[in-house]
Amino acid sequence: MAVQIVMDLTGDTRHEFDTADAMAVSQAERRFKWLTGAGFTAAVRTAEGRSELIRNFDPTAEETLFFPRLQGG
Amino acid sequence: MNADTLLLGIGFSVPLTFGLLSAAFDVAAHRSRRRNSIPLARSTPEDRAEALLNEWLCPEQRATLERHGYFEVRGCHTGKRYRIRRGRNMNIEELGKNGAQVAVWCFGPAGHLPLGDVMLTQKLALETNEQAALGVANRLRRRT
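Chains as they are written, first to last, in my numbering: chain Y, 1 to 73; chain U, 1 to 144.
None of these hints come from the bench; they were simulated from the model.
One should not assume that every hint holds.
A short list of chain Y residues far from chain U (calculated; beta carbon distances all over 12 angstroms) [said to hold, decoys possible]:
1) 2
2) 10
3) 18
4) 20
5) 24
Residues of chain U placed beyond 12 angstroms of chain Y at every Cβ, according to the derived structure [what the hints assert, rightly or not]:
6) 55
7) 67
8) 68
9) 78
10) 79
11) 80
12) 81
13) 86
14) 88
15) 92
16) 96
17) 98
18) 100
19) 102
20) 133
Residues from chain Y that face chain U, not an exhaustive set, calculated with beta carbons under 7 angstroms [what the hints assert, rightly or not]:
21) 16
22) 26
23) 70
Each residue gets a CB set at the ideal place from its N, CA and C atoms; glycine is no exception.
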């Protein structure tokens, strides 16, 4: 199972999907494209405490975190 | 006391005892779960965001956040050190070579997110896309 975590007002919303299920993976890819198109940035953990941005959907990523567009405070 | 009364007493006392023990076990198990993790379904947005932040911090960052109320990250482009304090605004300090504060930066995610999400976004932005983050940030003051 893989999970897409989207930061929101509730803290986060999690979308789990089975990486062996082609339809679920396709839905996850559509969600990835929609969120990044809406201004969210996607990041994956590469090691404990380390992460990297991803620009394209990675069907092998176990955990992808989406955070909103940045703005100055 | 005849045999019927005795059996009636046993009939009531055994389930009652079992019920009380079961309830006590449930309370103990619930307390144990509370110590180890926050049940997501029943936690508040702030709890969920704090849990997510802790998941994405390294052990050292978690320790300093718990002990001192801040954690440090290193910018991916400049290699500079930043201290992210608990807070939403004016909570990112750029540190000089001697560890002294040289500037304060202010940026965060759009929208009103729980505090843990704000701090996690600041960490990820500085560690993975420092220039873009500082490009939208306000530099608030500088100490000499």
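Hints and how they fare:
1. 2: At roughly 15 angstroms from the nearest Cβ of chain U, residue 2 of chain Y sits farther out than 12 angstroms, so the non-interface label holds.
2. 10: The assertion about residue 10 of chain Y is violated, with a minimum of 5 angstroms to chain U.
3. 18: Since the minimum Cβ distance to chain U is about 20 angstroms, residue 18 of chain Y lies beyond 12 angstroms and the statement holds.
4. 20: Non-interface label on residue 20 of chain Y holds, nearest chain U Cβ at 24 angstroms vs cutoff 12 angstroms.
5. 24: It holds; residue 24 of chain Y is separated from chain U by about 21 angstroms at its closest Cβ, greater than 12 angstroms.
6. 55: 9 angstroms, violated
7. 67: 16 angstroms, holds
8. 68: 17 angstroms, holds
9. 78: 17 angstroms, holds
10. 79: 15 angstroms, holds
11. 80: 17 angstroms, holds
12. 81: Non-interface label stands for residue 81 of chain U: nearest chain Y Cβ at 15 angstroms, farther than 12 angstroms.
13. 86: 15 angstroms, holds
14. 88: 7 angstroms, violated
15. 92: 9 angstroms, violated
16. 96: Since the minimum Cβ distance to chain Y is about 22 angstroms, residue 96 of chain U lies beyond 12 angstroms and the statement holds.
17. 98: It holds; residue 98 of chain U is separated from chain Y by about 24 angstroms at its closest Cβ, greater than 12 angstroms.
18. 100: 22 angstroms, holds
19. 102: 18 angstroms, holds
20. 133: Its Cβ does come within 12 angstroms of chain Y, the nearest being 6 angstroms, so this is violated.
21. 16: 12 angstroms, violated
22. 26: 26 angstroms, violated
23. 70: With a minimum Cβ separation of about 5 angstroms from chain U (threshold 7 angstroms), the hint on residue 70 of chain Y holds.
In summary, the structure is inconsistent with hints 2, 6, 14, 15, 20, 21 and 22 from the numbered list given earlier, while agreeing with the others.
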